[in-house]
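*Asks:* Work the whole structure out from these sequences, hints included.
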Amino acid sequence: LVPSPSPALPGAFSCPGEHPHISVASSGLSPAASHPESLVRTFTPFYFLVEPLDVLAVRGGSVIMNCSAQCETPPRIEWRKDGSFLNLVSDDRRQLLPDGSLLINSVVHSKHNKPDEGYYQCVATVDSLGTIVSRTAKLTVAGLPRFTSQPEPTSVHRGGSAVLGCEVSAELAPLLRWERDRQALAPEPRLLQLPGGALLLSNASDTDTGLYRCALDSPGGPKYSEEAELKVLPDAEEPQKLVLLKPPSSLSRLPGQSALFPCVAAGFPPPLVRWTRNGEELPTDGSGRFQLLPGGVLEIRAVAEADAGTFTCIAESGNDTLEAQAELAVQVPPTFLKRPANIYAHESMDIVFECEVTGKPTPTVKWVKNGDVVIPSDYFKIVKEHNLQVLGLVKSDEGFYQCIAENDVGNAQAGAQLIILDLDVAIPTLPPTSLTSATNDHLAAAPAGPLPSAPRDVVATLVSTRFIRLTWRPPASDPHGDNLTYSIFYTKEGINRERVENTSRPGETQVMIQSLMPETVYVFRVVAQNRHGPGESSAPLKVATQPEVQLPGPAPNIRAFSSSPTSVTVTWETPLSGNGDIQNYKLYYMEKGQHTEQDVDVAGLSHTVQGLKKFTEYSFRVVAYNKHGPGVSTHDVVVRTLSDVPSAPPQNLTLEVRNSKSILLQWQPPPAGTQSGQITGYKIRYRRVARKSDVSESVAGTQLSQLIEGLERGTEYSFRVAAMTINGTGPATDWVSAETFESDLDESRVPEVPSSLHVRPLVTSIVVSWTPPENQDVVVRGYAIGYGIGSPHAQTIKVDYKQRYYTIENLDPSSHYVITLKAFNNVGEGIPLYESAVTRPHSDTSEVDLFVINAPYTPVPDPSPMMPPVGVQASILSHDTIRITWADNSLPKNQKITDARFYTVRWKTNIPANTKYKTANATTLSYLVTGLKPNTLYEFSVMVTKGRRSSTWSMTAHGTTFELVPTSPPKDVTVVSKEGKPRTIIVNWQPPSEANGKITGYIIYYSTDVNAEIHDWVIEPVVGNRLTHQIQELTLDTPYFFKIQARNSKGMGPMSEAVQFRTPKASGSAGKGNRPMDLGPDYKPPLGGSNSPHGSPTSPLDSNMLLVIIVSVGVITIVIVVIVAVFCTRRTTSHQKK
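Residue numbers (UniProt numbering): 1 to 1138.
Calculated directly from the structure, the hints in this document are not laboratory data.
Taking lysine to any residue and the SDA-like style, the derived pairs with C-alpha atoms no more than 20 Å apart in a straight line are:
#, residue 1, residue 2
1, K683, V736
2, K613, T674
3, K360, D307
Since the structure is predicted, the reported quantities are computational estimates derived from the model, not experimental observations.
*Replies:* Here's what the structure looks like:
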């Protein structure tokens, strides 16, 4: 309610009795035309002038909770504490003051007795009018004066800052003060008491030396802390480390309050402090709301909601920098965006009180009617989050309704009055949002006249579970009823609260009543209305809605337990609700992590599901079925099948000979679906190959490697590993063998270069043989053979350290291959040795070396591959450079490489289709591929290699290099004369070989002077999709020179060579030339040529010669025709005579 007597404000209620100058019309209300104003009761101004506020009291002191209410009839004021009314008549300490305020004397507060602390609310009542309640105010009683921290002796250099700690509880902080040498400290800008109670002293001087203590004032006298001495030392001369004496702490403030963030730093040189908010520098020059106080303290005046965020103080001293952060949270008490409005209504109507609030945190809202909390029910509903809807009004609903909003930092209330008018009084005009669709002006006043009789034959033509359709006949007094409207009143049987529904248009004799309850008896009556008013009511009609189909409820007490490693038994009980007998149950189950349920029909109350996976979690639920269909499902129960021995051996068993007496075993767990339980350990069995007896060792379940020591030198051993669960040991791996070294060798460096490398080329293969490094003191774990046409980096093969030869297969005949050989160990690869060879042609029938064919091959054991790199991405950097990045899931989460693994990157383009891969090695998780072609699509993949183990190639990433200006000119430029048009020529060409992008256009340059500057040539632009162009109106019998230049989105490419073409002399001859010219800078066109594109007219001599030629050809043609005709005539005559 608005604390103002003005009825024009929201929440104030107008009353002509108190304010005679305020009429119904002046307050926005329109009385009925034919009724006197006295029939429309007006709203009564009833509101709080003063409401209680939160207050802090001291034990033994006095406190006043202010409250004052205004109404034309003086209200009766009462007080509630924690929701219960206070009996102030017989209370000696608490009394009600004349204005309604509450006085509490000698506040009582102890550890076990706190009768005064709590939440207070002022309640104002006017008999026969209603009750309103104030906001809730919190009374906090400060506890016993107690210091949570005491000042401690400290020292500070002259000009520095110091902090003396003295902390008390938050409610006692306003009562704290400081003394020096037992004298109160005078206010001074250098002295600042921080929010927690600590004292900040800035720019220390010799006069600050003394004994400091803090004091808490209370009714029983002040309480003092211990004294602490502050010493002021001479100016610092040596650099001192930068420290934060008092870092900032997070705060919560209300809008308009001030906030202090300390950031007290000490050090030499004297530190400088600056502040940022959410990473942005704060202006602290004092011109705004942010000010930097002495000692590095940030003060925010009049905090606004937009100030919330992270504040960072940055202290700098010399080369030292320290940072500290604190959060400022701005909380906003509830405020009303829309207050409830006063409402006029009739009985049986539906109304809505609107209330819209905001605040931070988001406020909660409750409604109060005449001081009592409204409990939501069938007739009182909270709609649209905070609005109160009252259905089927009755006279007792009249009164004052208040919307009370509350959050962590405050509460507020706003209210409105509901007046229910008599049925014969028209409802004045109000804003349409106050009434629902069920409220019409169906009772609008009209001239007196005959009223309708009761509607006839009211029947329910359609009855469902939640709606009923009623139909009727017009009253006998108006059998046609074209101008009648109808109001349908209905209520539950036994309830006197009627609701009303109106027909939508005159003459309508049916209505659908919705939102009913199933299997409930309702009483209906219909009233007709004409222009004179409402008539008689029909007889009550009782109709019962249909019962809703009752489906079974959830089966109670569902339980599941694993009865074996592959089965689970599920039990449940009969549902408590349901209409009719349960016909059957359906049991649904699903493996955890999957998305497809399986189901089985069950007749009883239990079922055992067979064929499940071992040691796997499954979820189960049950649905009961009756004659109406499926009921409500139970909640899911999750159970794991029992464990068993593993059904598969460990994976990727590899052996690494460490020295002459130890071999390192490494492996991976069995596949996830075959572990059959929690792996508790691994059993290792090993033996000398020459013996049958073996030795066993066990390791913990999380251990995936084991160093076997104490072996014999130069001896071959076989190993196998099996996984164990609590149920036993699973199958073992196959035997894997390795031989210890004859002597202990050095593996702190890479091997040296092999001592020799020999190659023997064949048609499609090359035999490679080599000898080990001369220095036999370094461990060699294998050899890496690289080969490729022109480069040894195309392919890499690794073989065992015992291997001395290898045949490279599937090569191209008559091709030049470069081969490299490197020895490697766990540290890395040694220096390569290079050799080259040319494979023989197909026609070479030389015998192959039988030694090579029969040579034994002992490759490196083929362990299971490593996981390939993932997340391969191609980032385009330029027209010839792409960066390839990837991740390695076999590395730790920080993706730090700590071993000797390396990565091989390969790439190629698919144009032409038989392009071979190029490769490169990298020891980091990225590689810069350079030397690529512009505007070309490349595919990339990555492989990881560690020791003798390599992964498969990763998934392919693609990238297209950026465009570049064309680097070659258009090719195959030709010029021809157009038939029948000697002054028109056609220029044809082909795109550049190195277009380096999409060609967007061509420029044709032509001139009669090949030595002319290019800007003097004539230009003909052509679109990029054309490879031919016509040039018209050229001069006859003139040499022209043509050049073409291509362009793409990056710019223009080079020009083609000049092509010469001489236009025809006349329409019957063809042009000459059409060939590129190697024209030097001193080239001069032929005599008679022209420097312009169009030459001079043909000379008279040339014209006469042309005329002579034409006449001669004509005469010869006529003579030939005559001779042929004579000859044919003679042959025909001779034939006829015969």
